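Asks: Relying on the hints, combine the two individually framed chains into one complex.
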Amino acid sequence: MFSRAALRAPRALPLRTRAPAAFALAARSVTTDAASASLSQSVPKSDDEPFQVTLSDESFETYELDPPPYTIEVTKKELKQMYYEMVAIRQMEMAADRLYKEKKIRGFCHLSTGQEAVAVGIEHAITKEDDIITAYRCHGFAMMRGGSVRSIIGELLGRREGISYGKGGSMHMFAKNFYGGNGIVGAQVPVGAGLAFAHKYSGRKNASVILYGDGASNQGQVFEAFNMAKLWNLPALFGCENNKYGMGTSAARSSALTDYYKRGQYIPGLKVNGMDVLAVKAAVKYGKEWTAADKGPMVLEYVTYRYGGHSMSDPGTTYRTREEIQRMRSTNDAIAGLKQKILDWEVSTEEELKSIDKAARSHVAEEVAAAEAMSIPDAKAEILFEDIYVPGSEPQYIRGRTVDENHYFSK
Amino acid sequence: MSRFLRPAARLAASTRAATSIKANAPSFSQAIARPVYFGGSSQSRSYAEGAGVKEYTVRDALNEALAEELEANPKVFILGEEVAQYNGAYKVTKGLLDRFGEKRVIDTPITEMGFAGLATGAALSGLHPVCEFMTFNFAMQAIDHVVNSAAKTLYMSGGIQPCNITFRGPNGFAAGVAAQHSQDYSAWYGSIPGLKVVSPWSAEDAKGLLKAAIRDPNPVVVLENELMYGQSFPMSEAAQKDDFVLPFGKAKVERAGKDLTIVTMSRCVGQSLVAAENLKKNYGVEAEVINLRSIKPLDLESIVQSIKKTHRLLVVESGYPAFGVGAEILALSMEYAFDYLDGPAQRVTGAEVPTPYAQKLEEMSFPNEQLIENFAAKMLRL
Numbered sequence: 001m002f003s004r005a006a007l008r009a010p011r012a013l014p015l016r017t018r019a020p021a022a023f024a025l026a027a028r029s030v031t032t033d034a035a036s037a038s039l040s041q042s043v044p045k046s047d048d049e050p051f052q053v054t055l056s057d058e059s060f061e062t063y064e065l066d067p068p069p070y071t072i073e074v075t076k077k078e079l080k081q082m083y084y085e086m087v088a089i090r091q092m093e094m095a096a097d098r099l100y101k102e103k104k105i106r107g108f109c110h111l112s113t114g115q116e117a118v119a120v121g122i123e124h125a126i127t128k129e130d131d132i133i134t135a136y137r138c139h140g141f142a143m144m145r146g147g148s149v150r151s152i153i154g155e156l157l158g159r160r161e162g163i164s165y166g167k168g169g170s171m172h173m174f175a176k177n178f179y180g181g182n183g184i185v186g187a188q189v190p191v192g193a194g195l196a197f198a199h200k201y202s203g204r205k206n207a208s209v210i211l212y213g214d215g216a217s218n219q220g221q222v223f224e225a226f227n228m229a230k231l232w233n234l235p236a237l238f239g240c241e242n243n244k245y246g247m248g249t250s251a252a253r254s255s256a257l258t259d260y261y262k263r264g265q266y267i268p269g270l271k272v273n274g275m276d277v278l279a280v281k282a283a284v285k286y287g288k289e290w291t292a293a294d295k296g297p298m299v300l301e302y303v304t305y306r307y308g309g310h311s312m313s314d315p316g317t318t319y320r321t322r323e324e325i326q327r328m329r330s331t332n333d334a335i336a337g338l339k340q341k342i343l344d345w346e347v348s349t350e351e352e353l354k355s356i357d358k359a360a361r362s363h364v365a366e367e368v369a370a371a372e373a374m375s376i377p378d379a380k381a382e383i384l385f386e387d388i389y390v391p392g393s394e395p396q397y398i399r400g401r402t403v404d405e406n407h408y409f410s411k
Numbered sequence: 001m002s003r004f005l006r007p008a009a010r011l012a013a014s015t016r017a018a019t020s021i022k023a024n025a026p027s028f029s030q031a032i033a034r035p036v037y038f039g040g041s042s043q044s045r046s047y048a049e050g051a052g053v054k055e056y057t058v059r060d061a062l063n064e065a066l067a068e069e070l071e072a073n074p075k076v077f078i079l080g081e082e083v084a085q086y087n088g089a090y091k092v093t094k095g096l097l098d099r100f101g102e103k104r105v106i107d108t109p110i111t112e113m114g115f116a117g118l119a120t121g122a123a124l125s126g127l128h129p130v131c132e133f134m135t136f137n138f139a140m141q142a143i144d145h146v147v148n149s150a151a152k153t154l155y156m157s158g159g160i161q162p163c164n165i166t167f168r169g170p171n172g173f174a175a176g177v178a179a180q181h182s183q184d185y186s187a188w189y190g191s192i193p194g195l196k197v198v199s200p201w202s203a204e205d206a207k208g209l210l211k212a213a214i215r216d217p218n219p220v221v222v223l224e225n226e227l228m229y230g231q232s233f234p235m236s237e238a239a240q241k242d243d244f245v246l247p248f249g250k251a252k253v254e255r256a257g258k259d260l261t262i263v264t265m266s267r268c269v270g271q272s273l274v275a276a277e278n279l280k281k282n283y284g285v286e287a288e289v290i291n292l293r294s295i296k297p298l299d300l301e302s303i304v305q306s307i308k309k310t311h312r313l314l315v316v317e318s319g320y321p322a323f324g325v326g327a328e329i330l331a332l333s334m335e336y337a338f339d340y341l342d343g344p345a346q347r348v349t350g351a352e353v354p355t356p357y358a359q360k361l362e363e364m365s366f367p368n369e370q371l372i373e374n375f376a377a378k379m380l381r382l
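Top line first, the protein sequences correspond to chains A and B.
Sequential numbering of the first sequence, starting at 1, is according to UniProt numbering.
Sequential numbering of the second sequence, starting at 1, is according to UniProt numbering.
Note that these hints are calculated values from the structure, not bench results.
Hints should not be assumed to be uniformly reliable.
As the list claims (entries may be wrong) - Estimated spans, in silico, between C-beta atoms of each pair:
(1) F108(A) <-> V353(B): 38 to 44 Å
(2) G176(B) <-> R253(A): 42 to 48 Å
(3) E363(B) <-> F108(A): 24 to 30 Å
(4) A256(A) <-> D107(B): 27 to 33 Å
(5) G101(B) <-> L343(A): 45 to 51 Å
(6) P321(B) <-> E323(A): 55 to 61 Å
(7) V274(B) <-> A381(A): 41 to 47 Å
(8) T249(A) <-> K241(B): 57 to 63 Å
These numbers come from a predicted model, not from an experiment.
Even for Gly, the Cβ is constructed at its ideal location relative to N, Cα and C.
Okay, chain B solo, but in the shape it has when bound (with noise of 0.2 Å):
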């Protein structure tokens, strides 16, 4: 691969147009150092430690998100399949329809596609509904009203007409489901303007960001991890107020390092921080371990920040790789951060492959964290 980029790496140097990306970069960096929306400033940034830290599932920070928000805002409700009397399909719901009713907190037939466009509907009409898909794959009998009736109309009424909703539910690889419940959306979303992407991977980034999504004027896509939601993470205090959210695109960088950046989200994060340990235990080097949280807006800030210091980039994620998040990424390095960098910037991503059945082969599908310590050590030449 390496051999195909440096040619056109060169050549991008030599053009006119690197100059310019040059002499943009300083507008770029004073408009990223404003403040964002939504701003937990300071409890996003640390990582939950201290007096009143709780242990709290990734499922139960959801849950208390979606209780916390219905109780804040009546109108703020809840539809999608078997999130009332079942409890929800992941149980991410539970208990959510004895608390507020059978009026906030709907189950709906199983159909994606009018369900969607109905909550769509309702958030036209001023409500601000939280549509929950049993998982994403089954969005996409719904996609066009994610993309075309939630996320365009701002922009295609020209600014009067918003859409406050949220559409949330699992997605990304789960184990042992096959290729049709196995799909990372990540990429699609990400590329659709008017759309604002988030994908949590602790219990801090679930609760902080689901709940943010919920109070986010826009149509808002929170991608969450099946195998995510029974994990244990610590819950600081602060995070544990009502009033905690996290804003959009604002990165985490969970592992500090000086020699390796890993940009990651979603259940690779957690992977790439057992990756980062065994890469210091084994071969010495400290990788550092960005979590992205958000897909779109993305925190080209923290990447470019990290690169300046660690001059390597991997980026870890589940998706296909066509066109992915990782490409997304890359090609950015390319335009921001090609001069910080040592080496090609490389990525780990799902294989481009339908999801097997068979365990060893979606094993082969997908990164581990002997994977991502193996090719981290092979591009840093270990």
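One chain only, chain A, in its complex shape (with noise of 0.2 Å):
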């Protein structure tokens, strides 16, 4: 328990020097295997009756944290559900990256290949009053926050019925409860802090998912945002979304301590195996609980990895082997291990999920095609000028190129 762990050791002493003992046990590193997990009974018949799961021992490591339980309750439906979400970011992201290559999308576009696993994970553990926000790899939390993959595909392709309306871009997604999307690496994480504020200062009892890649963990203003969040209690769940390159420099040729869920100091820990996402809606679900408790805020580590490159621009391939990729691919990827969990726990059939793949890529497919059909803001002031400002208070005009282009706002 934290505050024992706190009483044992002074806060000022470095972490390697501390309690050693209390650490000992939890000195092995996380599994990233996506099938893990394991059953001890039968699954029910039905499909919304709930079982449960036993994680792997190898799911967490904490800090100054009890671990959460590693047993989590599931329905075949979920289950279910789960593997359509993950199929479905994975197809829609693919379907981005042909985009792309087709010089469809112009640009930044920053894919999640690797990483369906968190976002459909946070969204099993949360509910839709509580928020989230992230970087830029945002297309999946996007579309788990409830954009449709039209909408978003529509804001790549720069369209007027985009998520953001054609605005935004690859980057810049919202929707209720969902912040971002920002570009900024590290900006999110003090905004953050401030949507789980809000929380406290409404009195609701939601928790804010802050979620940031291991890049951006060494951010100043990451640490500033901690401080505030622990000094005043906030409900906000940290996150490092560690996919072992911020960028194209690994986490241990940019960070001085590796274990991201220890960077909180004086914030409790939990790192988690990010491929498996079981584990991942366990371990939110923990962290909710744990805000809802009034115990402030938790530090998570999502262990986690990119197949594709930082961008579009990017191979992938200078500062990691190919080798790696495909160890990844092969034996930790997040579909293929759910897919054999529910396979081996007989939730479905071998037939039923080509079937759920299929609806995934077919669904994908259709929307992508809307989405092309979807037209294109039209060049005029009207919609340029639209939304700098909250509509009634703008300013009589706003400039355009040249005095002859300034848009009067006509009313």
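Replies: The following block contains the structure:
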């Protein structure tokens, strides 16, 4: 327990010299095996009847925190839903990859292929009243928060019916209680602490899930946010999506301490197998209970892996080996892992899973076609200059490139 | 300077662009004549006088504005360094902790980037934070959140994610605090789409603009001045009420005149008024002094109308000269008032130097009454 551990060791001491006994058990690192959960009884017949599965005892590592329960309740329906969502995210990202290569998507495009279990696992642990804020690798989260595939792809294509009306692009997607999509590395972390602050201020029992990469975890403002969140006991679930590389710089080459879940120092930490959607759900559920019990913030670390490069312009092979990527894809893939469990536990048949695959693929294909058919925003001043200010509170005019192009708001 | 300006001006006048500007002029003034938001209408245009007028320091006016808005809306809270127990580094938030409690008046750690980001997040979530910077010099550490997190989010989200936040604190030159604590950021924030920026001079300005800022659904930057906090101004009865707000984008003619337009803001308004009185006394000319109040949006109409009357423009501000507020207004005068000017528009600004500590050198770095008077006299060939 955090309080006991804190009593044992003075806080000013560097972590490494502290109470080694307390950490001896936690010294092993978490598995990234996506199919490590197990089942002790047979699954119920009904799709909606809950049953328990046991997570691998290598699913978590904790820092000044009792680990979450290693069992989690699921239903057949939920497992199939999770599977569908992960497949749909991957299909959507693959579609984005294709559209980018066809030069239909402009600018930056960061794909989350390989990291799907994080977005899906988190959403299954929280409610729509809880917040999520993340960085620029945001397509999967936008979808899990309720964004349709067509609105997300439409946004990538710069369409008028895109999720941000074609104004934001790949990195700036918003939905109810989803606050982006932020293109400035680390900036979403204090903003996310502010979302948590608003919950506390308003007396709501909700949590804010704040995501950042292993690269961003070294930003000064991350630690400023940690400090205030702990000081004010905010319901903030900070979470480092550790995909091993900040752009092309490996964690070990950027971070003096690569145990990102310990980076909160005075905040309890929880490292979780980010390739196992069930472990992610269990960890975030535990975090949400933690904040709901008014125990303040938690720093999570989702150990995951990105199959593609940092962005579309990065082949992703100069700073890591092809073997490494291949090994992760073939042995630790989140989708393949859950699929194996579903089959092992006889939650579903191979055929049914194939039909789910097919359904996800055809849904994404239809949505992409719909997105491609969307109109682009008309190149006119009314659209260019809308939403710089809240409608009704605009200045009388906004300046264009020349005085002739000034836009006057007519009311 | 005029040597360089004149040929360029003739060239501009002879192009087709110049004609189209003229053609555009009527629609411009029509647009500008529309009602403004938070329009306190008449009360904003008249100087406080008559019955019920009370003396207020700028500090008291700001304090009253904060107290009234905290009272009126439970979503409003103030956070910043030393705003609560210490009563504010400059005592602007004095007494607010006692009155509203620690939930609504919050001392932060000295981490500008962190708390500006946190305040922005709270605003995105629907609260109306007032984020105090002890001075705007320190807000440079947080400017990413002001610009990227607050100002741009509404547009980037296609209009679905507003951010009602007020950033406020002292800005610009102080006394004897040297280079890192004397910078004016009007031009920095004034250049950002999505922000509104105001810079009050008097007590009425301070109260009306701060209240309007807190109520405005957009991010607003309120640039106060430390040296003004202790100065007293008459406050009209209307301005003492809790519904007093000043509209953005509306300047105030502080002194009417026919010979020269002086456009200015913040503390330089007072200096320009003294200079204008001396110009009258020493040279018999009447300078019109326009207090901008609002940097973004800028009240171009009032400036152009004044130039039409006086045919001379002088901008007085204390920021660095390059790419500054003065530079912007001079450029606008070229675009919108060239035909009405009888001579090149000019500016008095801070000097292009990191503010020195030694007093005599510091004095050489910022506008003062004598300098404004002398330069105006030279401009008018008096």
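Asks: Hint by hint, say whether it matches the structure.
Replies: Verification of the hints:
Taking 38 to 44 Å as the suggested C-beta distance range, the pair F108(A) and V353(B) conforms, at roughly 40 Å. Between G176(B) and R253(A) the Cβ separation comes to about 47 Å, which falls inside the hinted range of 42 to 48 Å. For the pair E363(B) and F108(A), the supplied restraint of 24 to 30 Å is violated, since their beta-carbon distance comes to about 49 Å. For the hinted restraint 27 to 33 Å between A256(A) and D107(B), the CB-CB distance of approximately 31 Å keeps it satisfied.
Distance hint for G101(B) and L343(A): a CB-CB separation of about 58 Å, inconsistent with the stated range 45 to 51 Å. About 60 Å separates the C-beta atoms of P321(B) and E323(A), a value consistent with the hinted range of 55 to 61 Å. A beta carbon spacing of about 43 Å between V274(B) and A381(A) agrees with the range 41 to 47 Å that was offered as a hint. In this structure the hint that T249(A) and K241(B) lie 57 to 63 Å apart at CB holds, the actual value being about 59 Å.
Hints 3 and 5 from the list above are not met by this structure, while the remaining hints are.
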